[in-house]
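**Student:** Below are the chains, spelled out letter by letter.
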Amino acid sequence: MLTWLIALPVIAAAIVALVPRRLKELHLPLGVALAVLPLALAGYVFWVFEPVAGYQFVSTAVWYEPWGISWSLGIDGISMPMVLLTAILVPIALAASTSITRRTKEFVVYTLLLEAGMIGVFLALDLFLFFVFFEAILIPMYFIIGIWGSDRRIYAAMKFFIFTAFGSALLLAGIIALGVTYADQFGSASFALSDLMNVQLSTGAERWLFAAFALAFAIKVPLFPVHTWLPDAHTEAPTAGSVLLAAVLLKLGTYGLLRFNLSLFPEASVDAAWIMGVLAVIGIIYGAVVAIVQPDLKRLVAYSSVSHLGFIVLGTFALTSGSLQGAVIQNVNHGLVTGALFLLVGMIYERRHTKQISEFGGLQKVMPVFAGFFLFMIFASIGLPGLNGFVGEFLILIGSYATLPALTIVAAIGVVLAAIYMLWAYERVFTGVADKEENKVLSDLSIREISLLTPLAILILVIGLYPNVLLDKIAPSTEAALDHIEEQTEFVIPEPGRLGDVLVAGGDEE
Amino acid sequence: MIEITTPDVNWIAILPEVALALGAAGVLLVDVQWKPATRVLGAISAITLLIAISFTFLQWARAGDALEVGELDQLVAFSGMVVMDGFAVFGRLVLLVMAGLGLLAGWRLVESLDRRGAEAIALVLLATTGFSIMVASNNLVMMFLGLEIGSISLYVLAGLTREKTKADEAAMKYFLLGSFASAIFVYGVALLYAGTGELEILAIRQFFTAVIVTRPAVILIGLALIIVGLGFKVSAAPFHSWAPDVYQGAPAGVVGYMAAMAKIAGFLAITRILLRGVPQLDDSWLPLIAGLSALSMLVGSIIALVQSDVRRMLAYSGVAHAGFILTGIVGGATTGMLFYVTVYALQLIGAFAVVAVVSGPSSSGSPIDEYRGLARRSPALGAAFAVLLLGMAGLPLTSGFVAKFGVFSEAWANGYGWLVIVALLASVIAFAFYLRVIVAMYMDETEEGKVVVSLTARWVLTLAVVGTVLAGILPAPLIDLAADAFPL
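First to last, the sequence lines map onto chains D and Y. Using this note's numbering, you'd call the opening residue of the first sequence number 1 and step up by one each time. Using this note's numbering, you'd call the opening residue of the second sequence number 511 and step up by one each time.
Any given hint might turn out to be false.
[What the hints assert, rightly or not] With the C-beta cut set under 10 Å, the calculated list includes, among others, these residues of chain Y facing chain D: (1) 934; (2) 990; (3) 993.
[As the list claims (entries may be wrong)] Across the chosen pairs, the derived CB separations fall in these ranges: (4) 33(D) - 801(Y): 53 to 63 Å; (5) 651(Y) - 225(D): 56 to 66 Å; (6) 65(D) - 976(Y): 18 to 28 Å; (7) 62(D) - 528(Y): 41 to 51 Å; (8) 17(D) - 697(Y): 51 to 61 Å; (9) 976(Y) - 386(D): 51 to 61 Å; (10) 15(D) - 583(Y): 51 to 61 Å; (11) 925(Y) - 465(D): 36 to 46 Å.
Hint data in this document are derived by calculation from the structure and do not stem from the laboratory. Where a beta carbon is used, it is the ideal one built from N, C-alpha and C, also for glycine.
Work out the full structure: start from the sequences and follow the hints.
**Tutor:** Given below as structure tokens:
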């Protein structure tokens, strides 16, 4: 069944590709309609997903025996929310792309292929397969940025590709090294995650491999100081590209850290926790400070991503129940909120053809619905209680305090800074008097646009009010990840951090 | 069929070469006698290649039988001159298939040559004969003969369009530098002979198992010269400087064939000599090959970045690929190397088929500007070239990725982790220049200039693209075949 989750978007892409080019109007609606199929399947998987540890719906087929590679898919509490998020956002991002009028067909095809790749990354249980998806994603994204981006699109696409390809190279070196070591120790080749977890590594080797994997994923996250590709890629990408980039592609990094670094290199993860924590906190503060001074609305949201993803990395390496659950759920939250923010920025850009904050002002009166949605998303982003951002950040901060107290206190400043840059941007764009002529005649959101934003807003509200809808399914898997670390190392999770139930209840209080 | 009369003349071992040589002679004679349409000559060459290919299947079966009963000496023929092991048969098969594709890809060039078309076809068959002998030789002198038959045919092919000064220059350069490299190779063979008293690769190996050489200086110098000579043929850095000029100047229709043949034969020869002739000396040659490999990858990738001509870029990418393939030899195994050489040769012929379509089959040079907007002007051609370039870049789901994964794993397992890391970084640099071409094709909106893709080019491109994708998704059959094709 999981194979279908990957196959459906590919089939959809093939169908769209077969529609002749002259039926231009048909490509986008057809793409959206077909993208609903994987969503339905993902929804079904979510529905029948059992809240237990371990992988479910595992399907394995040998790919090439002598090399030990297999088509091995499975889903657990860490990957399930990501798959669902991807499946939700692709049709929305496609439906929001009506402004793409040239080469629509190619655009839809690339987006659907991108979806297949992204879902594949989250489902792969074989490192070779994982890498195949991880790298294959670059191509459609590269085309999406490079063909439909704005002025400096080629520069941005190239930067995006080379940065991530550099990370992938290190990742591949790490995967090869692990595979060779496994073959040495066990006499047969395998790249299955469950097998490679048994490899005995010397401390030195483990640290090197950890570093290779961590750097590859850190570039994807992106973590300070390898984040510089992100603002360019985001700013130049078309709306759908930005949405998927922020909401899903960046999560490949945080997902990778959580899935592979923690389970394959537990010792090194514990040792390097504070380093990753420091980098994460630098990212939180740095991203927030830079976001404050951005004159460009899209760049502001992009830098806010750097900041928010810092929280996820911090939570991942704080290694407590609360922080890990927070990290997983914040992956989803950030995807929903930032995806929505990029949609909103895209909508205003389509009307005014500018993203400069100074060009706006007083939009509240001209576009009340738009302003309402924007404010809602901003509140979710800065973590207003009752909305999803709060759940994630609260869990991360309270969970991380147990193991990385000093860093957590600094990180908390990031929450305040987020309020500053978001609200200040809101103030400049929406409040005051609309003194520019162009701004006075802007039309408010259409029904279509509202219908794109509403599902996201509902999900944000649902997760904010009742996070257990996800947390119940996430918790067993994150607990299992922690168990694995405690088994493999001398690390003991401090007392308040291990009481996952208390924290989940704590998350409920708002 | 030819009857096997005496046990020491195993005709089967050279049947493909006999067929090829007869075919080449046949093409020339038919042309002189009847002056038929070029199509007829093409048909003759196609039949020749098909016959030769069917002989390789026969050889493959024979080699398998001999291995099963353990009578390995049956595989050595003509008093140790040639061997019929899986390695040789696999190499031959790849050479023959690539020759067929190369001829198809250059068919428009052959047609445009008029009466000289027959020469071009005969030269292609002769070059294939030479390289085919080269991959099957057990004797170093025999190997040299094969190398020269192949190389001299290629020099002439490079100058086929002799009216063009560029092509003339390319042919001259190729000839002078190539002869120089051949001379170095022979000198190396002579020194190796002086040091060991043997010319046969299998005998050289036995020599080292029986004798402990206390002063191997002469042998090592000889070996180094052999590596230099063959390194030139496969355009490994620092012996690559001829490649960009030749790839750029020679008529587009034949460049893919030239490059692919020389590389296949060269790498198989290096592998056979090093891994089967002097494995005991690997302490000495492994670091050397690793150094050449690292240098080739870095030089090729970095210089390719600044090329504005697609052919020069492909030439430098070939230097980088030479480095990648050498990592397979550093890995001490033949499987990854054979797989890599096969899929790369296919990509190369496909890529130059695109060049021949875009810039014209007899053109010299192919500036990147000619590719602007190709994805709009001819979507299928653009997509085919994109797939081939991504395959060369080694993106997953293409054969290039599997190939790289194979040789890198072998090198890592053999203790050359640093080389793998250099190789991976070089591949990242390489992405940048492959992407430049894709940027020109896809992200430029130029719509002028209709491109006409000939039927033969379509065939070649379809096969190259299908092969590249298929070997990337289902590599198992080809890897298995390559794994069975180990040298004696």
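**Student:** Each hint should be assessed against the structure and marked as holding or not.
**Tutor:** Each hint tested on the structure:
{"no.": "1", "hint": "934", "result": "4 Å, holds"}
{"no.": "2", "hint": "990", "result": "8 Å, holds"}
{"no.": "3", "hint": "993", "result": "7 Å, holds"}
{"no.": "4", "hint": "33(D) - 801(Y): 53 to 63 Å", "result": "57 Å, holds"}
{"no.": "5", "hint": "651(Y) - 225(D): 56 to 66 Å", "result": "59 Å, holds"}
{"no.": "6", "hint": "65(D) - 976(Y): 18 to 28 Å", "result": "24 Å, holds"}
{"no.": "7", "hint": "62(D) - 528(Y): 41 to 51 Å", "result": "42 Å, holds"}
{"no.": "8", "hint": "17(D) - 697(Y): 51 to 61 Å", "result": "57 Å, holds"}
{"no.": "9", "hint": "976(Y) - 386(D): 51 to 61 Å", "result": "56 Å, holds"}
{"no.": "10", "hint": "15(D) - 583(Y): 51 to 61 Å", "result": "59 Å, holds"}
{"no.": "11", "hint": "925(Y) - 465(D): 36 to 46 Å", "result": "58 Å, violated"}
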